[in-house]
Amino acid sequence: MCMYDASWDTHFGFCCDIDEKLPVSSLVRELVLSRDLNLIIEPGRSLIANTCCLVNHVTGVKTNGTKKFIVIDGSMAELIRLSLYDAYQHIELVSPLSPGAGISTFDVVGPVCESADFLGKDRELPTPAPVMCY
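First residue of the sequence shown? That's 81 in this note's numbering, and the numbers climb one at a time after it.
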């Protein structure tokens, strides 16, 4: 007698949440139930990724005439997914802002000086305080 193991292994981890939680059960429930499958899940990065943060210092603010940039000391070397997969990473400024700091659209870039060295494009952020040089 041959027993057939009715399992479905997704062979990939679940994506990290960006804005809204989308339960896996709502995505695959009907498929699993209609075929009487056992679902094998590899949660991996969906559990771990949102437990971390990358902290950087602003090293400068510049413009090329049409676009504004916030330059930080982190780069694609620390967070390559953004360049490779057009992934989204939440960005916020946590240091005190200058009085009257306005909101502008910035690209947040690293110091590697390559077109792929960015951590966020077209982000609405408060203008950082002037950088102090020591």
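No lab work stands behind these hints, which were simulated from the structure alone. Hints may be right or wrong, so weigh each one.
Calculated cross-link-like contacts (lysine-lysine; reagent style BS3-like; alpha-carbon spacing at most 27 Å) [claimed, not checked]: (1) K148 / K201; (2) K147 / K201; (3) K201 / K142.
Remember, it's a predicted structure, so these values are computed and weren't measured experimentally.
Can you give the numbers of the hints that this structure goes against, from lowest to highest?
Checked against the structure, no hint fails, so every one of them is satisfied.
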